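*Asks:* Protein chains in written order, with our numbering: chain G, 1 to 181; chain X, 1001 to 1297; chain H, 2001 to 2623.
Watch out, some of these pointers could steer you wrong.
Derived lysine-lysine pairs resembling DSS-like cross-links, with alpha carbons at most 30 Å apart [as the list claims (entries may be wrong)]:
hint : chain 1 : residue 1 : chain 2 : residue 2
1    : H       : K2443     : G       : K156
2    : X       : K1026     : G       : K142
3    : G       : K15       : X       : K1026
4    : H       : K2155     : H       : K2590
5    : H       : K2590     : G       : K149
6    : H       : K2443     : H       : K2152
These aren't lab readings, by the way, just hints derived from the structure by calculation. Note that the coordinates shown come from a computational prediction; the quantities given were computed from them, not determined experimentally.
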Amino acid sequence: MDRKMSPETRSALEKLADWFRARSIWMLHYCTGCGAVELPPSMTSRFDMERFGIGPMATPRQADVLLITGYLATKTLRRVIYTYEQMQTPKYVIGFGSCTINGGIYYDSYNVITRLDLYLPVDIYIAGCMPRPEAILTAFNKLREMIEKGEANGWKRYEENKEWYRANQLKALNGEVYVTR
Amino acid sequence: MKILESAAVIITGIVFGLFLLGVQRKLVARVQRRYGPPIWQQFIDVAKLFSKSSISHGFVFDMGVMMALGGTIATLLFVPIGKLQVLSMSGDFIVVVYLMAVASLGMAMSAVNSGNPNASIGVMRALTQMFGYELPYLMVMMGMMFAYRTSSILGMAQVQQGGILNWNLFRVPIGAIVVFISMFGISGKKPFDTPIAPAEIASGPMVEYSGKFLGSLTLMHALVIFVDISIFVNVFLGGASNYWFFLLKVLAVFSLMVLISSVIPRFRVEQVVTFSWKWPLFFAVIQSVILVAMGVR
Amino acid sequence: MCPFGTISSFSFSLLIISPLIYLLARFDRRWASAFLALASGLGLYKLATMYGEWGLPSQSFEIIPNVTISFTNSPIQWYFAFIGLGIMLTIFLFEISWLSKSRTPSAHIFFEAVILASLPGFFMAGDLMTLYIFFELMSWAAFFIVSQASEKSEKAARTFIAMNTTGAMALLYVLFLLYTRFSTLNIEELRTLLPSAGAGFNLIIFALFVFSGLIKAGSFPLHTWLRKTHGNAPDSFSAVLSGYLIKYGSFVVAVTTVIFPSLLLFSNAPHFMGLPLPNYILAVLGGVSIIVGTLMAIKQQDAKMLIAYSSVSHAGYIVMALAMVSSYSVAGGLLHVLVHALAAAGMFLSMAAVKYRTGTTNMSELGGLVDRMPVTFATYLISIISTAGIPPMVGFVSKWLIYQSTITGGFIFLSFAAFFGSIGSFLYVFRPLATVFFGQRPKRLENVREVPFIMQLPMIIISALTVIFGVLPSIALKPIAEAERYYGIKPVSFSFSEIRGALGSWNSVLVFFVFMLGFIMAAVIFYLARKSVRVGLLENYTAGEIPREIINSPELYHYAHNFYRPVERLYEHHPSLEDFYETALGENLKKFGVFLKTLFYNHRLDWYLYVSILTILFLWWLL
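Extracted from the complex, chain G is given alone in its bound form (with noise of 0.2 Å):
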């Protein structure tokens, strides 16, 4: 895939507009997989995500980065598809567990996505069936390195290939997507 977006190419407001962005990260959970349950824990008093500046958000609007926690059914991929559209830049992806890298105990599935990198894309994988809290803050800790050095560009990624992005997405929804702009 194509890198041109290097992060040497950034102007002085946009590294400041990273660090601030690094600095404060909402998150919105697509919560149709396990990886779900081990989020309360990070969120609540044992590990605090809240003082990275971590914190849940209600809607796409709001949020920063989508967690895709756990395996993805086609069924869910279009609402997911949807709902990362209605993000706004800069967004980031997060995949939770193996089930997003490869399938995971679902690999071979005749309705779940084996590799969610083909269809939305991921900034960071956390590996692990399921991830341990731990994990995810190690995650979240290495999203804020990349952002603030400018090198979460999925985003940039996701509009520069959106045809290779969206045959993907037809291919696995039987050539179904919501468009919704």
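Starting from the known structure of chain G, fit chains X and H onto it as the hints suggest.
*Replies:* Same frame as chain G, but now just chains X and H:
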């Protein structure tokens, strides 16, 4: 000079208001035995929001947000902040309360223009609970205005000078408690946060806001909280002659509110109205009867 | 040139040529409406030249022995007449185009000509007989107009005429009482004569006047005709009804409390908080009217009926303020007459415009009209800001003045009612805004266009006046202060930009400019940030799913039905005065009528036997 003072007041409002919101997050975290975000987290959030892209649902969607922020900035100039009294000479309490309504109307209009029913439901809830908490507030203030023969916020602050016991908090205790409860509603704190119920109606009026819209409304929310607590401090806690002392009083009142609201759950929509009309209104009427019959001692 | 000659000739010549207007309307209804607009413009001009010539000897002529028709000019009368003519002017402009939707345009315009003729006659009446005659004339003309709108409106018109005739009869009875006592009906003379009469007599006069005034003003407990009549009247006529016909009642109340010096009349009556008890009771009725009007407006499903109940609430403000007869309350009450005339006309005209294009005012069938009808939306918005009493519109000024009076007087219930109506009005005025102009647009409204310019023009005029009077209320306060001076009340103190109240002063120009400054600052912050992308109404957060049903019929995704359900639930099982009048009073009256009928038209012979025996026994006992 007036321009410099106005700028100082607006900057104070925005900076201190955002600081208060940061304090709120930190305090809630500590109540829940968490470490909590840094105290300047709100500044980062607002800066980030302004750096993001956004969508608009039309002209009214934009204008309403500007009306909301502009209305609160205008209101702020009429409130005395310690020695900083820009327009507070003509700062009539009734004018200030109704100017705040311009801001609320702007936000409500803009939210509903998004065409999202969640926003409509949120606005309906906001207006409904406003029907509840504003009445006791205004009834107490009616008694105060009658007793002091002035509706000027500055005037009410000035009559309390000379010692803590002159504060209206001790002279008009029932009214102070009622207004304190109403302030939970005005600033959308816990028992009165039905409009912004993220789990039920996807944060209500905020549902379609993104980027700079959300940033502007966060600024507005910070200002509304600052203005409301400033009115409370001026009217019931004797104002302050010192700028920093004033901010300290605001911080103290706000912290108390946050601590209370962080341990109580949310009302159902109509419970807000029934509660407000049962207890606060009852006590507000009693307080205003006392004030009208006996004046301030 | 005698100015009163012009007023009487205005009224009478319009009455005489009204059949000609009917014929003109048969020929071309637009010309008839334009002619009447011109006539009311002429009347406005005449009135403007008459400003300041108060209390000149009134010109009178006898119609039957001892009954004269006479006209006079005093500040309050001038003020009411001026507002009335102004509202009529805008309505006639509106009707040039609107009449094409009327079922009976020629009759409509004919009766409106009669109403226009009755207007200066009623408000500038020099004696109560003139007042009564023009009152009746207006009632009958309005009755015919209301009944024309649809099948449903005939019943509404009957309710209207029944209640108004009751009010008129009360007024007539007052005339008899006053004439037998003083053998004059001249208002100025009665002003000086009334204090010499006993308190009991004055109380009866006051009560009867108030009775007829409350009916006409649509104030509690006699407000029940308003909902049906305003809701079912022809759309543009609803604006006339609410904008100025119910001001007839406010005027009668003003005559009772301000022109007849009620504080002096009841100076020996028991007082409450320094206010005579009759006045206080009237003010409390006004306060109850505010509360009832507000609560009922919140639960209406039809925009026109909602505005009708808001009129009940505002009539309550006017009655309450005028009943308190203090410097601020009279100023506030009189200014509120202007406020409500403008706001109600603006709201009803914008709803008439919506109905003109969409054919309904049922709020749950509309939605998303803001892009399609921007001028109508702006008119409605400005009118509701004024209705809700938010600065910088004129509605805030009158409410501020009324608060000055309720608070300094220490009237706890009246302050409560005023605050209740003010906060409640946020609820009900927002509902049509959210459901008619915002939200998802049904597919069938996709091609709705803005109304023609000639219909926009009156709406623009009304909005502009609302803002101008809001920024510079001193323009409107000048005649009001003049009126207060004329009737011996301490005039309200104001300068070009500042109004000085009992509790503090309020600088309208300063507030307006500070608000504009804040708005500009917000706009700068807003436009410095990245430009936003415009998206359609259907691109919305729908929790990841956008069902086909919503794409095909967006109104399913429009929150409009039962908008304030949580509030409504609190007073769902309220007692209804409307039902009470209809069932308890109406049914019993009917039973009584049936009973009377059986007395005279009974064909059973034994009945006559019983009656004869009873009569003979009765006479035997008596003699």
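*Asks:* Next, verify each hint and record whether it holds.
*Replies:* Taking the hints in turn, this is what the structure says about them:
no.: 1; hint: H:K2443 with G:K156; result: 36 Å, violated
no.: 2; hint: X:K1026 with G:K142; result: 24 Å, holds
no.: 3; hint: G:K15 with X:K1026; result: 27 Å, holds
no.: 4; hint: H:K2155 with H:K2590; result: 16 Å, holds
no.: 5; hint: H:K2590 with G:K149; result: 87 Å, violated
no.: 6; hint: H:K2443 with H:K2152; result: 28 Å, holds
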